[in-house]
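Spelled out from the first residue to the last, the chains are:
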Amino acid sequence: MPTLIKDGQVVDNPWCLLEKGVDLNAALSDKAEQIVVPFALWQDHKDSLMESSKKIAVWLDSEDDPYELANDVIDLPLICLNFPVFRDGRAFSAAVILRERLNYQGEIRAIGDVLRDQLFYMKKCGMDSFDLADGVNVENALNAFNDFSTSYMSTVEEPLPLFRRR
Amino acid sequence: MYNYDNYDKQMLQERIVQFRDQTRRFQAGELSTEQFLPLRLQNGLYIQRLAPMLRVAIPYGCLSSRQLRKLASISRDYDKGYAHFSTRQNIQYNWPILEQVPDLLAELAEVEMHAIQTSGNCIRNTTTDQFAGVAVDEIEDSRPWCEIIRQWSSFHPEFAYLPRKFKIAVCGTPNDQAATQVHDIGLYIKKDDKGEIGFQVLVGGGLGRTPVIGATICEFLPWQHLLTYLDAIMRVYNRFGRRDNKYKARIKILVKEIGAEAFREKVEAEWLHDKDGSATLTQDEVERCKGFFTDPDYQELDNTNQAIEGAAASDLLFSHWLERNVAPHKKSGYRIVNLCLKETGVAPGDITDTQMEFVADLADKYSFGEVRVTHEQNLVLTDVRLQDLYVVYKALKTESLATPYLGLINDIVCCPGGDFCSLANAKSIPIAESIQRRFEDFDVQKNIGDITLNISGCMNACGHHHVGNIGILGVDKKGAEFYQVTLGGSSDRETSLGKVLGPSFAQAEMPDVMEKIINVYLENRQDNENFLATYNRIGMEPYKEKVYANAD
Ligand code: HEM
Ligand code: SF4
Numbered sequence: 001m002p003t004l005i006k007d008g009q010v011v012d013n014p015w016c017l018l019e020k021g022v023d024l025n026a027a028l029s030d031k032a033e034q035i036v037v038p039f040a041l042w043q044d045h046k047d048s049l050m051e052s053s054k055k056i057a058v059w060l061d062s063e064d065d066p067y068e069l070a071n072d073v074i075d076l077p078l079i080c081l082n083f084p085v086f087r088d089g090r091a092f093s094a095a096v097i098l099r100e101r102l103n104y105q106g107e108i109r110a111i112g113d114v115l116r117d118q119l120f121y122m123k124k125c126g127m128d129s130f131d132l133a134d135g136v137n138v139e140n141a142l143n144a145f146n147d148f149s150t151s152y153m154s155t156v157e158e159p160l161p162l163f164r165r166r
Numbered sequence: 001m002y003n004y005d006n007y008d009k010q011m012l013q014e015r016i017v018q019f020r021d022q023t024r025r026f027q028a029g030e031l032s033t034e035q036f037l038p039l040r041l042q043n044g045l046y047i048q049r050l051a052p053m054l055r056v057a058i059p060y061g062c063l064s065s066r067q068l069r070k071l072a073s074i075s076r077d078y079d080k081g082y083a084h085f086s087t088r089q090n091i092q093y094n095w096p097i098l099e100q101v102p103d104l105l106a107e108l109a110e111v112e113m114h115a116i117q118t119s120g121n122c123i124r125n126t127t128t129d130q131f132a133g134v135a136v137d138e139i140e141d142s143r144p145w146c147e148i149i150r151q152w153s154s155f156h157p158e159f160a161y162l163p164r165k166f167k168i169a170v171c172g173t174p175n176d177q178a179a180t181q182v183h184d185i186g187l188y189i190k191k192d193d194k195g196e197i198g199f200q201v202l203v204g205g206g207l208g209r210t211p212v213i214g215a216t217i218c219e220f221l222p223w224q225h226l227l228t229y230l231d232a233i234m235r236v237y238n239r240f241g242r243r244d245n246k247y248k249a250r251i252k253i254l255v256k257e258i259g260a261e262a263f264r265e266k267v268e269a270e271w272l273h274d275k276d277g278s279a280t281l282t283q284d285e286v287e288r289c290k291g292f293f294t295d296p297d298y299q300e301l302d303n304t305n306q307a308i309e310g311a312a313a314s315d316l317l318f319s320h321w322l323e324r325n326v327a328p329h330k331k332s333g334y335r336i337v338n339l340c341l342k343e344t345g346v347a348p349g350d351i352t353d354t355q356m357e358f359v360a361d362l363a364d365k366y367s368f369g370e371v372r373v374t375h376e377q378n379l380v381l382t383d384v385r386l387q388d389l390y391v392v393y394k395a396l397k398t399e400s401l402a403t404p405y406l407g408l409i410n411d412i413v414c415c416p417g418g419d420f421c422s423l424a425n426a427k428s429i430p431i432a433e434s435i436q437r438r439f440e441d442f443d444v445q446k447n448i449g450d451i452t453l454n455i456s457g458c459m460n461a462c463g464h465h466h467v468g469n470i471g472i473l474g475v476d477k478k479g480a481e482f483y484q485v486t487l488g489g490s491s492d493r494e495t496s497l498g499k500v501l502g503p504s505f506a507q508a509e510m511p512d513v514m515e516k517i518i519n520v521y522l523e524n525r526q527d528n529e530n531f532l533a534t535y536n537r538i539g540m541e542p543y544k545e546k547v548y549a550n551a552d
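Taken in sequence, the protein lines are chains A and B. According to my numbering, the residues represented by the first sequence are 1 to 166, in order. According to my numbering, the residues represented by the second sequence are 1 to 552, in order.
I should point out that these hints are in silico values taken from the structure, not numbers from a laboratory. From the three backbone atoms N, C-alpha and C, an ideal C-beta is built for every residue, glycine too. One should not assume that every hint holds.
[Stated by the list, open to error] Straight-line alpha carbon distances no greater than 25 Å define the calculated DMTMM-like cross-link-like pairs of lysine to aspartate or glutamate that follow:
| hint | chain 1 | residue 1 | chain 2 | residue 2 |
| --- | --- | --- | --- | --- |
| 1 | B | K266 | A | D61 |
| 2 | A | K20 | B | D244 |
| 3 | B | K9 | A | D61 |
| 4 | B | K266 | A | D72 |
| 5 | A | K6 | B | E14 |
| 6 | B | K190 | B | D476 |
| 7 | A | K55 | A | D44 |
| 8 | B | K165 | A | D147 |
| 9 | B | K256 | A | D65 |
| 10 | B | K9 | A | E158 |
| 11 | B | K165 | A | D65 |
| 12 | B | K246 | A | E63 |
| 13 | B | K9 | A | D72 |
[Stated by the list, open to error] To give a feel for the contact side, a few chain A residues facing chain B, derived at Cβ under 7 Å:
| hint | residue |
| --- | --- |
| 14 | F92 |
| 15 | R101 |
| 16 | N103 |
| 17 | Q105 |
| 18 | F148 |
| 19 | M153 |
| 20 | P159 |
Same shape as in the complex, but just chain B (with noise of 0.2 Å):
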C-alpha cells in the first residue's frame, strides 16, 4: 500500500482546513449556495433525496485493514451503521450531517483517507483491476502507476474545473475487469518488444445517456510521457469541451463531435511543448512509488492442499464457492477471494459496520492486512493460503459474506436508485432483490453460469446497465416506474454496448422478462457457450419474440 509521507499528509490537512472554512463561510452566508455547490462536490458531498451524501476515495480500490475499521467505525458514528461500495471503486455514506462532515474528513484523514474530487467537474478517483499484482497473467502491476496519476490529478490547479467529470482507467491484464474503455480515459498497460512499459490510451469512453467505447489515439506511450501525455489530453479537453449543455460536455461527445483522429492532432500539437518538460517521470519516481507495492512475505508453498480438497468434496456449498468465488493466484499455494456483498434481501454493494471489521480482522488474519474493492461492488482478499481457505469460508459464512455465486446471475451490479438519489426516474434495489429470489436456487444460477445484470436507476448509468449482458435501466413512464431491458453489453476487452429488447416493462413483470430471457439462452446454448456467446451468435430476434409473445 501507499504511504503518506509528510507532503501528502500536510496537503490532506491543508485541504480539511480549507473546506471547513469553506463550509463555515456557506453556513455564514457569505457563499452563496451555487458558489459552495463545486466546493462540497469536490470534497465528495452530494445532498441527496433524504440527507447529503458523502463519497469517500478508496484510491484504485485498495485498502488496509486499519483503513476498513476506520470506514466501519464513521459509519456507525456519522451514520445509520452501514454503506454502500460504489461501481467506482468507492464508498458512499448514506445519511451524514452537513455539520459533522469536517469532523468526519479529520477522521477519515487519520488513517489517510478523503473524499477529494470524489465528485464534481474536475479529474475523479482513478479506478483498476482489482487483482492488480496478484493476477497470474499480469502484464504490469497497475497500482504504482495508478499513484503516480493520484499525485498528479490531485489539486491540479488547471483542471478542478473541467466542463464535466473526468474518469481514467488503468488496466495491467489482459482479462480487463476495470471497465477501462468506457472510461474518459483508458489506459492500457503494454510491453514493447524491449519489455519497456507504455500505455495504450483510448479516450472519450463513458456511459451516462449517451454511452460511447474509447477510441484509441495512441497505440504506445512510453511510460517517461504519461504524465505530459495526459496534461496535454486534459487541456484540449478543458478548452474545447462543451460548455452550454451539461449533457454534452463529457469528453465522449467532444471526441465524437470532432473525431478521434482530430482530438488526436490537438493532443500531438499541445504535447509537443510539454513533452520531456519537468513533468516527465524519472526512474526514480517510479521506482519510489513500485516500492510501495511490492510483494508481501509470501511462504513458499504446494499449489495443491489435499485437506481442502477433503473439504470440498464433503461440503458442497464450499466446492460451489471454490469454484465460484476463489481465483488462481500468481503465487503458487496462494489464491485471490472474492466476497460478494450481493446477499439477496440487501441491496448490492451494501456493508454494515460489524461486516466491514470483521473482514478487517479477517484481512489481518489471512490475507497481509489488505482488502480489495471491485466495480462490480464486491470485496476482495487478494493473498489467502489454500490451506486456510476453508476456514476463510466457514468464517465468511458467519457474517453472510460467502454466498457464492460470484460472476452468476445473482452477483447484480446495481445503482441506489429512487430510493436514495434523487435523480432516479425509478427504483433500483427492489428490482434487484426481485430477480435474486427468483433465481435464488444454486443450482439454477450454476447452470446458466457466466453472466452480468446490471441495473441503473436513471440514465446516467451508475449501474453501468449499458455494459451488462443484462442490463436494467429505470425510466419513467407518464409518471410510473418502468425499466427497459437491453442485451449483449459487455466491459471486458471486447467491450461492447447492449441493445433494447423493446418496450419497458412495469416493475411486477420484471422476474418474468427475466426468466424467458434466460431461458432463449438455455435452449439456444451451444457446448459451454455463455449467455453473452449465444446472444452473440444468435441476435436479438429469439429474445423479442419470447419476452412479447404474449403482448398482443
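Excised from the complex, chain A in its bound form (with noise of 0.2 Å):
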C-alpha cells in the first residue's frame, strides 16, 4: 500500500497518477476524479483536460523541462515529480525552477523511488508531499525532516543562507 506524506503526517491520496502513454479518451474516461497526468499528454491536450469535469495535475519525468509549464503553473494544484530512481537528482533542480523561476505556489510531490534518506534535501528544495516508495518505515521516514536543523545555503524553504542569518 503506497504511503503519502505531507506536512509531518500520514495522509489520503485523492489523486490518481495516469501513465505514460494514456491517451486523451482514456483520461478523460478514467473513473478517479482527480488526475495527475503525464507532462506530454498535458502539452498536447491541455486545453480539452482543462475544459473537463475533473481536477487535473501534471506529473514531470526526470528529463522534462519544467521551464515548459511556466504558462500553466497557475492552473495547476498540483505538480509530481518523478524519481525514476532514488538516486536521479534531476528533479531536485525541477522543484527549485518551479518554486522560485516559476513562482509555483501550489503543491508539488515527490512520486517514483522515493526513499527515507532523500526526504529532507527534497523538502529543502521545496517539495512538500512525498509517495514513498513501497518497503520504505513509515515510521522512519517521518523523522527524517529532522535529520539537520539548518542549511549553510540558501534553500526554498529557508531563502537567507546561513551568513545573513548568524
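Could you use the hints to bring the two separately framed chains together as a complex?
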C-alpha cells in the first residue's frame, strides 16, 4: 500500500496517477475525479483537459523541462516530480525551478523511488508531499525531516543563507 | 584556521547521527546495498580490495596540529598505524572496519573534521594552492573563498545526486599549484583595475579516462556573485549532464558536447534569476571568513641569516634541502618548508602515526601549529623562521621526512594502485619504487632538475598521470600488468595533457625506459631548459627513437 506524507503526517491520496502513453480519451474516462497526467499528454491536450470536469494535475519525469510549465503553473493545484531511481537528482532542480523561477505556489509531490534518506533534501528544494516507495518504513521516514536543524546555503524552504542569519 | 561555531558543530553532529542510523539500517537489512551505496560514499566510505577505505576531508589542505594528532591516533586505533595523503588534499585510511566507522567519525568531529562529501556524486572537498596566505606573489588568499565554497557546498540539497562527482579548485597565486584547469570548476582569483576581487571561471576540466582542460566561461566574476554563479553552473550540469553512461557523466563531457559557448549561455540564462538574490555574498560574510585566516604573530626579522648560511656551507645535504624544499615567504625572515613524503621504499603519500605526531609537534614549535597538505602528496610547514631552518631540518631527518628532492624526479605522485584499489589495472607503488631506486643518487636527480612524474594504476587517473611531465598509466594487456608512458603533461598555468610515447612496457622495463627518456632530455637540453621545455622544443620523436630503438 503506497503511503503519502504531507506536513509531517500520513494522509490520504485523492489523486490517481496515469502512466505515460495514456491517451486523452482514456484519461478523461478514468473513473477517478482527480487525475495526474503525464507531461506529454498535458502538452498535447492542455485545453481539453482543463475543460473537463475533472481536477487535473501533471507529473514530470526527470528529463522533462519544468520551464515548459511557465504559463501553466497558475492552473495546476499539484505537480508531481518523478524519481525514476532515487539517485537521479534532476527533480531536485526541477522543484527549485518551479518554486523560484516560476513562482509556483501549489503542491509539489515527489513520486517514484522516494526513499527515506533523500526526504530532507527534497523538502529543502520545495517539495511538500512525498509518495513513499514501497517498503519504506513510515515511522522512520517521518523523522527524516529533522535530520538537520538548518542549512548553510539559500534553499527554497529557507531563502536566507546561514551567513545572513548567523 | 576556520573555527567551527555552534551551527557548524551542530550540523556535523547531526550528520554523524544520520550516518550512524543509516549504517544501522543497512546492517538490519532495511537499506539495500544499492540504497546504502551513495550514502556511505557521501560519508567517504569505499569498499575496496582488502577492506573498506575511508577518505577524510582536509578542507583546502589546511590542518591544525591538533587535527593531525587526531589523524595519527585514529590511524593507530582504527587502522594499521599509517595513512595515505591523496592527490586531492585528503587523507585515506585503508583498513577501517565498517561497524567502527561511525565511532571513527565521532572522533574526527572532536577536532572539527569529517569525511562528508569526500566521495560520491556530489560536490567534493574544495582544493587550493598549499602556499595560500604565505606565497610571495599572491594576488589574494584563497582560503576564505574556499571556506565560503565549503559551506555553500556542504549538504547542498539540490546537488547531492549529481550525474557524477564534482571537484572545485581555487587558485590565488599566479603560479598555479592547484591543478586548477583540470577541475570541474576552476577559479582563478583576479583583481580588476580598481583592486576589486573577482574570479576567472573555468568549467569542464578533468582527468579520468577523458582528460580535458577547462574552458573559461567568465573572465571576471565579481566576488559578490560567486555563489549564485556556482549555483547556476551546478543547476545546468545537474539537469543536462548525462546520466545514461557513467563514463560520459562528468561536466566535461556536457561542455564538450554542447560547446563551451552554449554552456556559458545556459549558465548565464540560469544565473539571471539568482543574480543579486539572497545568496549574493555580503562584505560582512567575506570579512568574517577572512577573519579566520589572518597572519599569525610574525616577528620582525632579517631576511638573511649567517648561521644558516654557515650550516649550508658545511652540510651539503642541508644545502640541497634548502635549495629544493624551502620556498620564499611573504614575510621577511620566514620560509615555507616542504616535507617530501617520498622516501624510497615507502608508498608516496604514506605517513605513519608517529610521523604525523612528530610533524604536529614540529608545527607547534616552529610554525604556529599549522600544517598544509599538497596535491603532490607532500606536507608543508608554512611559517618557519629562517633562523630555525637547520634545527627543523635535523629534526625532520630523524623521522625520514627531510628527503631533499621536492620537485625532482623522485618526488613521484602515485595513486594506491593495484596494491589497494579494486579498480586498478596494475600496481603503481612498486613502479614508483623501482624508478626511485634507479635515480637514487641525489646528484643525478639534481642534474635532471625540475620535473614531475605521475603514476596512476588505471585510467581513472587518481595519480594525475595526464598532467605529469612524464606520466605512467597502468594498463591491462591480456591479463598482464603493463605501463603506458606519456610525455609533456603539466598542471601549472600553462596546463597541457601528455601525449602517448608508444606501445606500453612490462614492469621490469620501466626503470630503463625512464632512464632513456631522461637521457634524451639531458643530451638535448639547452641552457637552463627544464624537462618540459626541452620536450616542447624537440617534440616526441627523439624520445621515441631512443626508447624503442632495440624493439625491432
Ligand atoms: C582507492 C580507492 C579509489 C577509488 C575507488 C577511486 C576511484 C576513482 C574513479 C572511479 C575516478 C574517475 C572518475 C571519473 O573520471 O569520473 C577517480 C578519479 C580521481 N581520483 Fe580516485 N579513487 C581512489 C583513490 C584515490 C586516491 C588515493 C587519490 C589520490 C591519490 C584519488 C584522486 C583522484 C583524482 C585526482 C582523480 C581525477 C579526477 C578527475 O577525473 O578530474 N583517488 N578516482
Ligand atoms: S587511478 Fe585507478 S588504480 Fe589508481 S587509485 Fe585511482 S582508481 Fe585506483
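Each hint tested on the structure:
no., hint, result
1, K266/B / D61/A, "holds (21 Å)"
2, K20/A / D244/B, "holds (20 Å)"
3, K9/B / D61/A, "violated (37 Å)"
4, K266/B / D72/A, "holds (23 Å)"
5, K6/A / E14/B, "holds (23 Å)"
6, K190/B / D476/B, "violated (44 Å)"
7, K55/A / D44/A, "holds (17 Å)"
8, K165/B / D147/A, "holds (23 Å)"
9, K256/B / D65/A, "holds (22 Å)"
10, K9/B / E158/A, "holds (20 Å)"
11, K165/B / D65/A, "holds (23 Å)"
12, K246/B / E63/A, "holds (17 Å)"
13, K9/B / D72/A, "violated (43 Å)"
14, F92, "holds (5 Å)"
15, R101, "holds (5 Å)"
16, N103, "violated (11 Å)"
17, Q105, "violated (17 Å)"
18, F148, "holds (5 Å)"
19, M153, "holds (5 Å)"
20, P159, "holds (5 Å)"
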